[in-house]
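Trainee: If you're matching them up, the sequences are chains A and B in order. Numbering-wise (the working numbering), the first sequence opens with residue 10 and increments by one. Numbering-wise (the working numbering), the second sequence opens with residue 455 and increments by one.
Keep in mind that the hints were calculated from the coordinates and are not lab data. None of the values given here were measured: they were computed from a predicted structure. By construction, the Cβ of each residue, glycine as well, lies at the ideal position given by its N, Cα and C atoms. Among the hints, erroneous ones may be present.
Stated by the list, open to error - Here are some chain A residues pointing at chain B (derived, C-beta under 8 Å):
no., residue
1, Leu17
2, Thr19
3, Leu78
4, Arg79
5, Asp83
6, Asn88
7, Glu92
8, Trp96
9, Ser99
10, Leu140
As the list claims (entries may be wrong) - Think about it this way: if two alpha-carbon atoms lie no more than 27 Å apart in a straight line, the pair counts; the simulated DSS-like pairs of lysine-lysine are:
no., chain 1, residue 1, chain 2, residue 2
11, B, Lys456, B, Lys476
12, A, Lys82, A, Lys139
13, B, Lys456, A, Lys82
14, A, Lys139, B, Lys456
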Amino acid sequence: MRFCRRQLSTYQRRSLRTIEIMMGICIAISILLQAILERHNPAMPIRYAMAFLSIVPVIPTILMIARYLRGEKDEYMRNLVVESMLWGLSFVLIADTFISCIGPLSFLVVIGNISLDIFVLTTSAALEIKLWRNQ
Amino acid sequence: MKNRLRVLRAERQWSQADLAQKLDVSRQSINAIETGRFDPSLPLAFRLARLFETTIEAIFMEEPAP
């Protein structure tokens, strides 16, 4: 669905690409840290350091999204991005609520550790679908 | 909200892309406004009215209540 992007302005394309890259970094770090935690049992200070490391790329990503929304002159595009983020947030809340009710017995509990990934993927998918529908 | 944007644009033989360029918005915005999926803000409505040399009321019409 990337062809939808051709109709966007340079600012929109550049901003969305940067946000996607930052979100990709967030996912990569999240997966890497999860893999380390599954294979090893690090001491608490290291766990704290890893937890801090996992949120380091999230903060600039959120700031980048906020900067994009402030700079976006096209109010319709701004709406699309905000709506897509709401879809992402909704999926995270739904998945988290569902999993918390099932409890730790289910293999699904692992999804609770990838809520960031769910948010990123759902937001990206929602935005692509909205852009595609509005060609 | 209903609007006459498509008609006004057609009268001037502008494409959606032409209008989008004149208003400095995306073509998707024009498409969404024309199809009634998106109601523009007041500043954008004023820009549209100025561009078509008419009033906002001549472009946008309130839909009758059900």
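Trainee: Confirm or reject each hint.
Mentor: Outcome of the hint check:
Contact between A/Leu17 and chain B, as hinted, is supported at the beta carbon level, the nearest pair being about 6 Å apart and thus within 8 Å. Among the interface hints, the one on A/Thr19 is violated; its C-beta lies about 12 Å from the nearest C-beta in chain B, farther than the 8 Å criterion. Among the interface hints, the one on A/Leu78 is violated; its C-beta lies about 15 Å from the nearest C-beta in chain B, farther than the 8 Å criterion. The closest approach between the C-beta of A/Arg79 and any C-beta of chain B is roughly 15 Å, which is over the 8 Å cut-off, so the hint fails.
For A/Asp83, the interface hint holds, since its Cβ comes within 8 Å of a Cβ in chain B; the closest pair sits about 5 Å apart. Hint status for A/Asn88 relative to chain B: holds, with the closest Cβ pair at about 7 Å, below 8 Å. Violation of the interface hint for A/Glu92 is found here, the shortest Cβ-Cβ separation to chain B being roughly 11 Å, above the 8 Å cut-off. For A/Trp96, the interface hint is violated, the least distance from its beta-carbon to any beta-carbon of chain B being 16 Å, above 8 Å.
For A/Ser99, the suggested interface contact is broken, since its CB lies about 20 Å from the closest CB of chain B, more than 8 Å. Among the interface hints, the one on A/Leu140 holds; its C-beta lies about 7 Å from the nearest C-beta in chain B, closer than the 8 Å criterion. For the given pair, B/Lys456 sits about 22 Å from B/Lys476 by alpha-carbon distance, which is consistent with the 27 Å threshold. With a C-alpha separation of about 18 Å, the suggested pairing of A/Lys82 with A/Lys139 holds against the 27 Å cut-off.
This hinted pair checks out: B/Lys456 and A/Lys82 have alpha carbons roughly 23 Å apart, not beyond 27 Å. Distance check on the hinted pair: A/Lys139 and B/Lys456 sit about 21 Å apart at the alpha-carbon level, within 27 Å; holds.
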